[in-house]
Amino acid sequence: MKRTFSFLLCLALLAGVLPLRAQIRGFRQTELRQWEFSQTGASWDSVAVPHTMPAQTGTYRCTFTVRNPKAPAYLFFERAAQTVTVKVNGDQVAYHQGGYTGFPVRITDAIKDGENLIEVECDASPDEEMAPVAAPFPLHGGLTGAIWLAQMEDVYFAPEVFGMYRVRCETPEVTDKKVVTNIKARIVNDSGRDVTVKIRMQMLDEEGRLAYQADRKVDMVSYGEYDFEHDFVLAGIHRWDGLRDPFLYTIRMELFQDRRILDIAETKIGYRSLELDRERGLLLNGRPCPLHGSILEGGEENGSEASVRAALAAAVARGDNFVMMPYFPHGDFVFRQADSLGLAVLPQTPWLNACGSRARQTYFNNIHTQLEEMVNNLYNHPSVLLWGMWNGVDGRTDTADLQGAFDAEKAVEQTRRLYELGKELDPDRFFGVVDRSALRPEGYAALKTDFVVEAYDALPQGGLSKATAALRATAHVPVGAWITRAVEADRLTSDARGLLLLAAGAE
0 MKRTFSFLLC LALLAGVLPL RAQIRGFRQT ELRQWEFSQT GASWDSVAVP HTMPAQTGTY
60 RCTFTVRNPK APAYLFFERA AQTVTVKVNG DQVAYHQGGY TGFPVRITDA IKDGENLIEV
120 ECDASPDEEM APVAAPFPLH GGLTGAIWLA QMEDVYFAPE VFGMYRVRCE TPEVTDKKVV
180 TNIKARIVND SGRDVTVKIR MQMLDEEGRL AYQADRKVDM VSYGEYDFEH DFVLAGIHRW
240 DGLRDPFLYT IRMELFQDRR ILDIAETKIG YRSLELDRER GLLLNGRPCP LHGSILEGGE
300 ENGSEASVRA ALAAAVARGD NFVMMPYFPH GDFVFRQADS LGLAVLPQTP WLNACGSRAR
360 QTYFNNIHTQ LEEMVNNLYN HPSVLLWGMW NGVDGRTDTA DLQGAFDAEK AVEQTRRLYE
420 LGKELDPDRF FGVVDRSALR PEGYAALKTD FVVEAYDALP QGGLSKATAA LRATAHVPVG
480 AWITRAVEAD RLTSDARGLL LLAAGAE
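With numbering that gives the first Met the number 0, the residue at position 62 of the sequence shown is 61, and numbering never jumps.
Any given hint could turn out to be false.
Taking lysine to any residue pairs in the SDA-like style, the calculated list, with each CA pair at most 25 angstroms apart, reads [stated by the list, open to error]:
no., residue 1, residue 2
1, Lys447, Arg415
2, Lys177, Ser272
3, Lys197, Glu128
4, Lys197, Thr170
5, Lys183, Glu224
6, Lys86, Ala134
Simulated from the structure, these hints should not be mistaken for lab results.
I would like the entire structure built from these sequences, with the hints used as guidance.
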């Protein structure tokens with residue numbers, strides 16, 4: 000009883016410092032909502048962020064106040080499109096390419112006591128060195144996601160390695176008798192002195208009941224880093240089971256020095272097992288899980304939390320258990336909703352339409368960076384069953400002027416490299432591609448992928464037989480059981496044609 004009272008008292012005291020959000024980015028965090036925007040710098044308009052620029056280029060600015068400029072501080076951008084340069088008090092602190100994945104920016108060395116100025120220059124011009132080069136949607140620019148100022152204590156959980164939640168929860172073994180959890184975080188000591196800290200790990204069920212707790216002490220050297228890792232084994236875990244039972248636990252990490260709390264990181268997780276079987280298809284918790292659902296477009300009209308709630312609630316009401324997110328990963332709120340509803344989701348990197356003979360390695364390096372940011376930021380979401388590496392890289396001809404004609408051999412080689420990176424980041428999920436060609440290009444026989452989504456506009460409108468026969472007749476990607484059968488045409492977007500198929504690849 001005493002421990003429970005102390006825990007609740009701690010939560011009450013923190014309520015004034017930590018907003019009631021699904022992720023905690025710092026001990027003191029502030030959402031920066033009010034900004035000024037200018038296309039030319041001659042005049043400025045007040046805007047609320049998230050905001051989409053009315054032109055390809057523009058600059059945002061915002062002021063914030065600091066009372067302890069020596070304390071570590073970060074900006075966290077949930078989205079900023081497409082290429083951005085971040086300055087604090089005139090000093091450049093970050094340059095980022097990729098408009099759909101979150102990234103942290105350390106600003107400690109650029110801030111001063113009192114008022115500080117942030118400037119963010121955004122550029123959405125076509126860029127053959129960054130994905131997407133071309134897209135079937137407008138390449139909007141701007142501060143299209145929330146921006147947070149996180150002011151840390153001298154010792155804190157760092158965001159650079161494990162994304163916005165700052166803690167990664169792996170579940171390498173989930174069986175009826177045994178569940179293994181591996182918690183990882185990077186702790187940084189910026190205090191200038193050696194310190195001993197205590198890390199408290201708690202797992203709470205949906206009712207807030209304590210399911211697990213452990214304390215660890217760590218000795219940290221001055222200005223040092225510590226890669227924290229902790230394993231624990233439990234039995235009788237309540238599984239996340241899709242629409243049947245989307246049960247979520249909360250992992251809470253608290254960092255103390257003596258009795259003083261230094262930092263808190265928190266994330267929700269769901270325990271489930273995944274398998275791909277050649278005969279039975281996708282298995283969720285050991286049972287076949289045929290995916291059927293709809294496509295959630297990512298335009299401005301679908302970006303608000305209200306529209307996301309409505310779209311996903313409608314999908315569940317139709318009986319859908321799967322939502323495909325074409326072209327790029329959506330904002331974190333989509334995944335939090337999918338977690339709580341039990342919907343399976345497939346996010347994708349924005350490698351679209353272009354893999355030309357003149358494409359340089361810098362282009363593919365950017366795709367690697369975006370895949371890494373996507374996986375690290377979204378890793379803890381149990382709704383993510385599959386990762387998409389690309390979408391129809393040979394699907395457009397108007398990119399030839401930028402990168403040259405489609406190069407199938409290069410597509411295969413770069414897909415292999417991307418696949419290997421993905422498996423290094425997340426060995427327990429499956430990485431695949433969305434193809435629009437029925438895998439016809441010469442050279443696709445060596446395509447490295449766990450699954451293939453045969454895109455809806457590449458299939459005959461009348462049914463499956465022709466497309467299925469064409470895919471199974473090739474030696475390009477041996478196909479086992481289809482893990483997604485039919486997505487009715489009326490459940491797709493208005494420009495869709497035919498059906499969506501998802502096939503399990505062979506080992």
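### Message
Checking one constraint from the list: CA of Lys183 to CA of Glu224, max 25 angstroms. Satisfied?
### Response
holds, 13 angstroms
### Message
Hinted pair, alpha-carbon criterion (25 angstroms max): Lys86, Ala134. Please report holds or violated.
### Response
Judged against 25 angstroms, a Cα distance of about 29 angstroms means the pair is violated.
### Query
Lys447 and Arg415: Cα distance at most 25 angstroms?
holds, 5 angstroms
### Query
Is the Cα-Cα distance between Lys197 and Thr170 25 angstroms or less?
holds, 24 angstroms
### Query
Within 25 angstroms, alpha carbon to alpha carbon, are Lys177 and Ser272?
holds, 12 angstroms
### Message
For a C-alpha distance cap of 25 angstroms, please report whether Lys197 and Glu128 respect it.
### Response
violated, 45 angstroms
Hint violations for this structure: numbers 3, 6, all remaining hints satisfied.
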